[in-house]
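*Asks:* In case you want the letters, here they are:
2 protein chains.
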Amino acid sequence: MEYPSKLLTEVVNEISKLPGIGKRTALRLALHLLKQPVEQSEQLSQAILNFRKDIKHCEVCHNISDKTVCDICSDSSRQHQLVCVVEDVRDVMAIESTGEYRGVYHVLGGLISPIDGVGPSDLTIDKLVKRIENQYIDEIVLALSATVDGDTTNFYLYRKISEIPDMPKISTIARGIGVGEELEYADEVTLVRSILNRIPFEKSINQNK
Amino acid sequence: MEYPSKLLTEVVNEISKLPGIGKRTALRLALHLLKQPVEQSEQLSQAILNFRKDIKHCEVCHNISDKTVCDICSDSSRQHQLVCVVEDVRDVMAIESTGEYRGVYHVLGGLISPIDGVGPSDLTIDKLVKRIENQYIDEIVLALSATVDGDTTNFYLYRKISEIPDMPKISTIARGIGVGEELEYADEVTLVRSILNRIPFEKSINQNK
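Chains as they are written, first to last, in this note's numbering: chain A, 24 to 232; chain B, 24 to 232.
Derived by calculation from the structure, the hints in this document are not laboratory data.
It is possible that part of the hints are untrue.
Note that the list lumps identical chains together, so a pair holds whenever it fits in one copy or between two copies.
[Said to hold, decoys possible] With a straight-line Cα cutoff of 35 Å, these simulated DSBU-like cross-link-like pairs (lysine-lysine) come out: (1) Lys90 / Lys226; (2) Lys192 / Lys40; (3) Lys29 / Lys226; (4) Lys226 / Lys40; (5) Lys76 / Lys192; (6) Lys76 / Lys226; (7) Lys29 / Lys150; (8) Lys183 / Lys58; (9) Lys226 / Lys79; (10) Lys150 / Lys46.
Predicted, not measured: the structure shown is a model, and the values here were computed from it.
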């Protein structure tokens, strides 16, 4: 498609580099900005630049933060011996929004993915190992996606952590039928796991309260 | 949802002001930028700013352009007595990509839409009227969307142009069954229009060549 203007061509090209946004959508977004006050484009442009240039990662858990140590890691009322390993900041936000987890996190910054060329050295795995060696940690909860990449990363982490003397307990979040989901629509693997990892009825009753 | 960083909150807020992009998608896009080289964010940010601040509209047809008069309007080989009225630059691009239309355009910059608070004065209708008054135009082709807003704008334009002494011919693009479409799936209104506006078979044969 040929655009009637170089400036338009450039903005469409840049916007369509974002994942899931094609040239058509990019054009729609650019034309939308044209109808809005110039301030909106200035703020958008500035916010992107500030975010990309000034964002920090917490020195301890590697979550996105404005400070060197994030609010969660510097909160003394949390259980620092319980570390939940997640893929990225979205998972931290999802778990935090439940308000039920009182431990801390370790953000990997991705999953091991041979297809996408992501190896263990691209993630914060070495830093997790150092964290376990340098500080007393009671339990590591692996909370990664139930995908091939997630499983690969789980196994790699398990092996790495097992090599550490005085290794902590390692657990993984439960896989099963989602609350409110119907049994007949669940996939086979999930169904099998939910039966194999069944829990005492009294425990489940207590969690419904 | 609470974000762990002010910079992240700001960029998500700004990106999610774009149409069709929610907070979740905005977060995904922001995190994507974080994994890319800083240059990509700089280029994106700069392209948005340049586009919004420096883009011009052609003085004649009001299409987006880098010049005061666009390439189409300054092309002497085109028929300047034939003016196609469209909603925005995307329609110009769509018609231009067929390579079959040799007239010029008039870009309204939107459609009359009482619901969205867009009135005739928000569009370039007055300028179209002046253009017809000041220059010899043989035919105006109304090529607006077949929606309520499109029809409203069509009627308004027809009335406005009819008031001009020595008014040009006014035509509208054909509505009918799309080429390659199956009759049984067409909606009733389109089907009725396609029968009412039937054309001689010989003419249709010639267009298939």
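*Asks:* Now tell me, hint by hint, if it's right for this structure.
*Replies:* Cross-check of the supplied hints:
In this assembly of identical chains, the alpha carbons of Lys90 and Lys226 never lie at most 35 Å apart, being 40 Å within a copy and 72 Å across copies at closest. When the C-alpha separation of Lys192 and Lys40 is checked against a cutoff of 35 Å, the pair qualifies neither within a copy, at 42 Å, nor between copies, at 44 Å. For a Cα distance limit of 35 Å, the shortest separation of Lys29 from Lys226 qualifies neither inside one copy, at 65 Å, nor across copies, at 40 Å. Taking identical chains as interchangeable, the C-alpha atoms of Lys226 and Lys40 are never at most 35 Å apart, the minima being 49 Å within one chain and 45 Å between chains.
In this homomeric assembly, Lys76 and Lys192 never come within 35 Å of each other (Cα to Cα): the closest approach is 38 Å inside a single copy and 57 Å across copies. Taking the closest pair of Cα atoms, Lys76 and Lys226 never come within 35 Å of each other, the shortest separation being 48 Å inside a single copy and 62 Å across copies. In the homo-oligomer, the alpha carbons of Lys29 and Lys150 lie at most 35 Å apart only across protomers (25 Å), although the nearest pairing inside one protomer, at 46 Å, exceeds that limit. For a Cα distance limit of 35 Å, the shortest separation of Lys183 from Lys58 across copies, 25 Å, qualifies, whereas the shortest one inside one copy, 54 Å, does not.
Neither within a single protomer nor between protomers do Lys226 and Lys79 lie at most 35 Å apart by alpha-carbon distance, with minima of 41 Å and 68 Å respectively. Only between protomers do Lys150 and Lys46 lie at most 35 Å apart by alpha-carbon distance; the minimum there is 31 Å, versus 40 Å within a single protomer.
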